[in-house]
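Undergrad: As a plain string of letters, each chain reads:
Number of protein chains: 2
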Amino acid sequence: MLPGPTNVPNRVMNAMLAPVINHRSDDFRTLYKSIVEKTQKVFQTSNDIVLLTTSGTGAVEASVVNLIKKGDKAVIPVNGEFSTRLADLIDSWGGQAIRINAPPGENPPYDKFEEAFDKNKDIKALYAVYNETSTGTTIRYMDKLGQLASRKGAYFIADAVSILGGDELPVDKWNVDICVTASQKALAAPPGVSPVSVSKRAKKYMQENPPPTQYLNLKRYFKYYEEHFETPFTPALPLYYAFREALDMVLEEGMENRIRRHRICADAFYAGLSALGLTPFAKPDARSNMIIAVNYLPGMDDKKFRGLLSSEFKVLIAGGFGDLKGKVFRVGSMGEVGRYHVMRTISSIASAMNMLGVKTNPEATSVAMDKLKALG
Amino acid sequence: MLPGPTNVPNRVMNAMLAPVINHRSDDFRTLYKSIVEKTQKVFQTSNDIVLLTTSGTGAVEASVVNLIKKGDKAVIPVNGEFSTRLADLIDSWGGQAIRINAPPGENPPYDKFEEAFDKNKDIKALYAVYNETSTGTTIRYMDKLGQLASRKGAYFIADAVSILGGDELPVDKWNVDICVTASQKALAAPPGVSPVSVSKRAKKYMQENPPPTQYLNLKRYFKYYEEHFETPFTPALPLYYAFREALDMVLEEGMENRIRRHRICADAFYAGLSALGLTPFAKPDARSNMIIAVNYLPGMDDKKFRGLLSSEFKVLIAGGFGDLKGKVFRVGSMGEVGRYHVMRTISSIASAMNMLGVKTNPEATSVAMDKLKALG
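Residue numbers (numbering that gives the first Met the number 0), protein chains in the order written: chain L, 0 to 375; chain S, 0 to 375.
Same shape as in the complex, but just chain L (with noise of 0.2 Å):
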């Protein structure tokens, strides 16, 4: 119950066994255009894909260094770790970044960045990290920022690392012009590669004024897609197939049906959590349905809990980041998960909390379970 990687289906891991190809030929060519337009499909978009062999924060990387030159202004929410992160690769690539600030657990108000917007004429570009993993929150409001970004004539790139094919992310509908995402979070395939989308516009403003590097060069990625449907570099190809088996998986069950059931599954979470005694980190306005932050009690021991979890439960859930270690544990609720992964995450928490002499609510699993009718 990591907040990535997750757990990752039999038929995804097998797929891997496919023979390796030559990456130059028909066979991996028919590869790659049915990955792309798997992908198109879960990103609900028309836009190019690229498929980076590397991990989401390359990817992240990806989006930066082909669009930001130097000076160049970005807008950017900042309320953890990862928005951090992303702010300061603005920074240290060249470009300004202005950082609308939020304390974890919340998002900044949205005026803000209309407000930004109308202090500075020159705003090249809006990036927002839409679900903040460090924290267990999502931007609710990704849908405005679009039309803002839009309506100034704007870039508007998405971060969806950690949630694209768990929560609602229409590309197309809300005008994002760079969709970063990853293998091995809500979209259940092991890590290793990252999809991006890119528009008309981003990838003009691209091919017209590429980066000075190889490997994330998109340029490259939409040249040998164009010309041959290949990769400019070798592919990870095992890597390849599971992604394509996993994005299957995920048009099998649907979109609409797939986002049903990560919220029923994150509302079961914070419902049944809550009942046992304990409090969400995050604000409900900005709670995540794919990482469920979770305050610490007086007694609950982050080394001593979490172990208790993993050695007695086989449940492995992760602790708080830099400053929040310590002090929030958070659980994945991403993938495949499903009414077993609840009860049974939940159910080990309320046993570990006993365990360590805090008291729980025995009504807290009901609580739960109730809520994961809404499943079927």
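There may be inaccurate statements among the hints.
A pair holds if it fits inside one copy or across any two, identical chains being indistinguishable in the list.
Derived pair list, reagent style EDC-like, types lysine to aspartate or glutamate, alpha-carbon separation capped at 16 Å [as the list claims (entries may be wrong)]:
1) K68 <-> E362
2) K326 <-> D26
3) K313 <-> D26
4) K302 <-> D25
Derived from the structure by calculation, the hints contain no laboratory data.
Add chain S to chain L, keeping to what the hints say.
TA: Positioned in the frame of chain L, the structure of chain S alone reads:
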């Protein structure tokens, strides 16, 4: 029989099915440490090892962006596609590549490098593509280049992507500051991970002068390894398991035996194909033991010839790169290559030539077999 990705043994493929574990867990730390130690043995080095989730190109780029700053001079032999790309990357990243050119199929005379250092007192680095995959040439004075760089106080960087694990490269003995390779060539693992070794002095430089990016920023990798035996970003876990298994196979065979096997197979290829009436593309003193590049004879149409090999004999080989398209074919002789691969490939080539109406010498296969006797 492609110049990579090469065939992957089943044992290595199956290793990918190990469960996806948390990359912030002791299980992962044990895995990563063992990969680092085995890689050190294969590289014959006590230097730091970083394992990147990228293709070989990503790792080669890391050797540039972590070392080269604006205006830095770097000497580099250029005699094919991959050395041209590397020189271009040095320039586009802001460095000044001092190209020591040679015609494709040849290496520049060693004296030219001495001259370059004499003419330029401020050369920071000497880059060399040890094995040029596009033309089937190998630099046979890498040890002297290492000595020269060391004497002049310059860093020595070996791009050994398509050769390490199949030919000599004792990193410490040859004074290689940064050695870069990839999983899917002579090491016979699936593509997607690329190891880089970094000497103490190069590491110190990188730590004091990190690049303005994240994903290929080696300083971060050093820090995470020293503090936690972890990678800073989510690793491509299944490929790590496979790579460890491939390293085990290399170490079980022993580097000396493995290099000998590659040399004997290459000898058999060159002798057998020459006996057929063909001529190797590369000059004798520059011929690669990994990539056998051969000139087409009149009547051998590239598309038809390779088409026949593929459709009738299920033997996949590569054509020429860039200007050499249609003029040469290339056989990968790497990784798992052995008696069977050599004999089957030569006999299929002979048959395909005959089918195209090109006369061949019926004794050619015996010539190859004679050479293979050295395998024992």
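Undergrad: Could you run down the list of hints and mark each one as holding or not?
TA: A quick look at each hint next to the structure:
Neither within a single protomer nor between protomers do K68 and E362 lie at most 16 Å apart by alpha-carbon distance, with minima of 56 Å and 63 Å respectively. Within a single copy, K326 and D26 get their C-alpha atoms no closer than 50 Å, and across copies no closer than 25 Å, so neither meets the 16 Å cut-off. In this assembly of identical chains, the alpha carbons of K313 and D26 lie at most 16 Å apart only when taken from different copies (14 Å versus 41 Å within one copy). Taking CA atoms no more than 16 Å apart as the test, K302 paired with D25 passes between copies only; the shortest distance there is 14 Å, against 51 Å inside one copy.
In this structure, the hints that do not hold are numbers 1 and 2, in rising order.
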